[in-house]
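Chemist: In case you want the letters, here they are:
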Amino acid sequence: MREPKKSWPRLDEAAHLGKRTPRLDAADKVTGRARYTQDVNLDEMLHLKFTLCPHGRARVRSVDVAAAQALDGVVVARAIVDEGEELEHAGREVAVVAAESEEIARAAARLVKVEYEVLEHNVAGDAPDLPEEWAREQRGREQGDVDAGFAEADVVVEGRYGAPIVTHCCLEPHGSVVEVVDEEHANTWSSTQRISSVDEDLAGELGINPENVRAVCQHMGGGFGSKFQFDVWDRECARIADETGRPVKVMLERDHELMVAGSRPSACADVRVGVKQDGTLTAWESRSWGSGGASGGSAPRLPYVFDKVPQRRTHVSIRTNTGAARPWRAPMSPQSCLITMAALDDAAAKLGLDPLDLFLKNVQFTARPEVYEEELQIAARLMDWRTRYVPRAAQQGTVRRGLGLSVHTWGGLGHDSNCSTTIRSDGSVSVSCGTQDLGTGSRTVLAVVTAETLGLRPAAIDVQIGDSTLPPSGGSGGSTTVGGISSAARNAALDALRQLLARAAPELQAAPEECRAQGGRVFVTAAPERALGWSEACALIGPEALAGSGRTDPELMAEGVGGAQMAEVEVDVETGVVTMKKLVAVQDCGTVVDLTLAESQVYGACIMGISSALFEERVMDPGTGACLNPNMAFYRLAGIGDVGEIVVHLMQTEAHHARGVIGIGEPPVISPIAAISNAVANAAGVRVPYAPFTPRAVLNALGKGGAR
Amino acid sequence: MKDFAYAAPATLARAAALWREAPEASRFLAGGTDLLGLMKDFIVEPSRVISLAAIPELRGIREEGGTLVIGAMTPLGEVIASPLARARCPALIQAAAGIKSPQLRNMATLGGDLLQRPRCWYFRRGFGLLGLRDGKPLVLEGDDRFHAILGNAGPAKFVSPSSVAPALVAAGAELSVWSGEGLRRLAARDLYRAPEGEGESEFTLAGGEILVSVRLPAPRPASATYEVRQRRSLDWPVAAASACLELEGGRVAGARLVLGQVAPAPWLVDVTSLLAGKPLDEEAAKAAAAAALKDATPLQGNGYKVQVAEVAARRALLLAAGQAG
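Residue numbers (the numbering used here), protein chains in the order written: chain A, 305 to 1012; chain B, 3 to 327.
The hints are simulated quantities; they were obtained by calculation from the structure and are not laboratory data. In this text, all values refer to a predicted model and were calculated from it rather than measured experimentally. Check the hints yourself; a few may be wrong.
Stated by the list, open to error - Selected chain B positions facing chain A (in silico; Cβ < 7 Å): (1) Trp123; (2) Leu140; (3) Glu143; (4) Gly144; (5) Arg147; (6) Gln232; (7) Arg233; (8) Arg234; (9) Ser235; (10) Val240; (11) Gly305; (12) Val308; (13) Gln309; (14) Val310; (15) Val313.
Heads up, the beta-carbon is just placed ideally off N, CA and C, and yes, glycines get one too.
Using the sequences plus the hints, can you model the full thing?
Modeler: Take a look at the structure:
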């Protein structure tokens, strides 16, 4: 029998694909039924807490856990560093305690006495001129004839731009529960971005067969790239569960979370841009620096998006005694975007050009000129840019409005994923996939795809995810999930449908390939009146359910997206307060599986981007090396009142739809910081070099900060 | 947090008696929005917590012979909603409304706001109220962006965090305090002091004293508060100012300006002599604000706060005079 063609239905023919389906787990989340790792409480469970190093850098002289051990309710207390070991940042775990309650564990962790030899540290990740001990020059890169490019330029524009270290600040901290069932079996509930392989790490730690480990993560309160590792707390959780035979739970304290469980590297750069009078770029030169912790950090990709311009770049990697960087939603891209788009915007300002014209003039230097041109035009229309743009420094008054723009790119090719679809004789349908829902809507994606393929309603599909016993699926990073799971689910559903049609077709006196399933019926395509209801068709299945399986399919997905964003801000030039008025986000992502979910990704990304543009910064104390703001009062996140109006436009045409599914989790978080920086410059009349654009940063840039 | 015993006595006398049983280990609990966080972070570790919630005379808003009396345990939300309080002192209402969290406004009390502990990140990270190391404030070599720009010559570099204190000091409010034997009165501004050494308090209340009520003897219709906050949602201001004016025929007869979040205590500037007899216009407000910040002594990295405080002062004065800031 011929395989049904593996493709997505056209947009105008789809019943659910690209439309709006309410999130399957929305009610569970708003009623509190959704079970997170934090909600897992087992009988006899122990709680873990850690004693953390308070110094920026130190050598451990001794660890004394006697007082902790003596506390009533403490089961385990021990050092997890060696004497003489060098600790590279404040917040490093020095000792672990397990106790009958979280409160006892917390108190016990404070009773551990540690003697340190305090060593010299550096916590400045954005200082340009550090001694060699802390700063390492990386090999430079050159592409095209840069000197000729600068010679050709009418104007050379110079600027300095940068963004500090920010944290992931997941609202659900890192954590897991481990239960060792017997010598050969264990269970874990983990807040993780890769449920399908957590079992292997745990099995490795326990020395048992991974097949005997079950890992579960039904819901997650955010990961943003920080929840891939099997961390020291997971390891200690496993070891102590193994030793004591009791379930053990660890959820990081907020300060621990913000100090060690993930951060985005800083990136700053001195930039020179060669540009002709008409705005055409001729050359790029940059010297960047930044830090992602004790191991230094990687270089921003400069110039970003406009990467075909002749370019020369160098990077200095700075070692800081701070918790290590982890991939942060579109690693290095927001920083690269800020540096590039700000430099281009400054070039436009110097030439007296509208930056929109300068960007349009230079789309030739991007990978997808037509796409960027179209997206910029759409964004301009939604922002009413052409009538509302006023040149930089042309405004008077105390509160000034400004517009800024940016473009970005991302890959988003689906990861390797497996999926199975079961159709039973009672008409019920289940889809199973070992993926996880980070809050992105993976569950709903699987339901939409399966429902579309079988001609059913998404709400009728039972979705099983977040369990390592399900068909394995890749980790959720790099915007790879939706492509992987949607194509696998499509193939699994097609496989199951093929089997169903093989049973139903004889009843309809047709060949299976002449039949289809749509609108809750199975019928002959050429003669729709020859039909069976879905349950009638399924009744033919018999006691053994039909099982379809599918894998990620390159034919159903694609990679490479673009986006254009425009920000409107108000700047009070007396107080330096920046207020978001509006952010327009135009984004393509190939086949949109669900319009509401895709838009939600963009809204969430915009809010996260606004937050890091205006507020976020991990502040380290130069004297002690301690983190000064590891709590939610001092580590400022944008509140809903801070984000202004957000307008999302997804490129959803038959042409985009025909490309295949592409991930969208990361791309829209890239541009806000750049678009906002440009809008602030447009309003304030000066470039505020470093994010976040706080009153201090704005007033200092305006020369009103009294900076000494 | 450390385990603690909890009591909720029904009288001031009983609350004070409970405190005397274990003076070092006891803390009074108002709305709990600050104390509980401090306890969770092990910054304070009382073994006895004495709730003031069951003492009736600590709560409510009433007029007593021309004086508006607001019980210290009155939630800020009730103060904001009170027509009496609104008519008496708009500056107070605006200050309380600047706390952009309904949860905090519903739980936090007027007295608790006056007595909340500094938000200095050295203090909150366990380095002590003055954040000293080897006798030197860590902030001097550290991160001072939110620290004091006035009154910071001594070891105290933190800023008074109260939202409502500037308004109450500007309005000339009095506080009624239960001292164990009876009630005593003090001016709101005298509640605060700059500690000279670690272990000293930033408040002048003696151990075991309980703030009973805030008293506003005179109506302050020409008053206003202006806060500069980084976020529109909940945030402690970078700087704030409250102004109370006495206007006679459109001219200033008296003017009290208080800056918040800029010094270890609310920073009172009597700008009466500068403004007396003049209409309060943009130029006068600007001159008064400049005078208020004239002697500012910013630290290494918080010079911007001088600008912010000056703007807050000018805008508060203009708002108090009924002109848009």
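Chemist: Failing hints, ascending?
Modeler: Those not satisfied: there are none.
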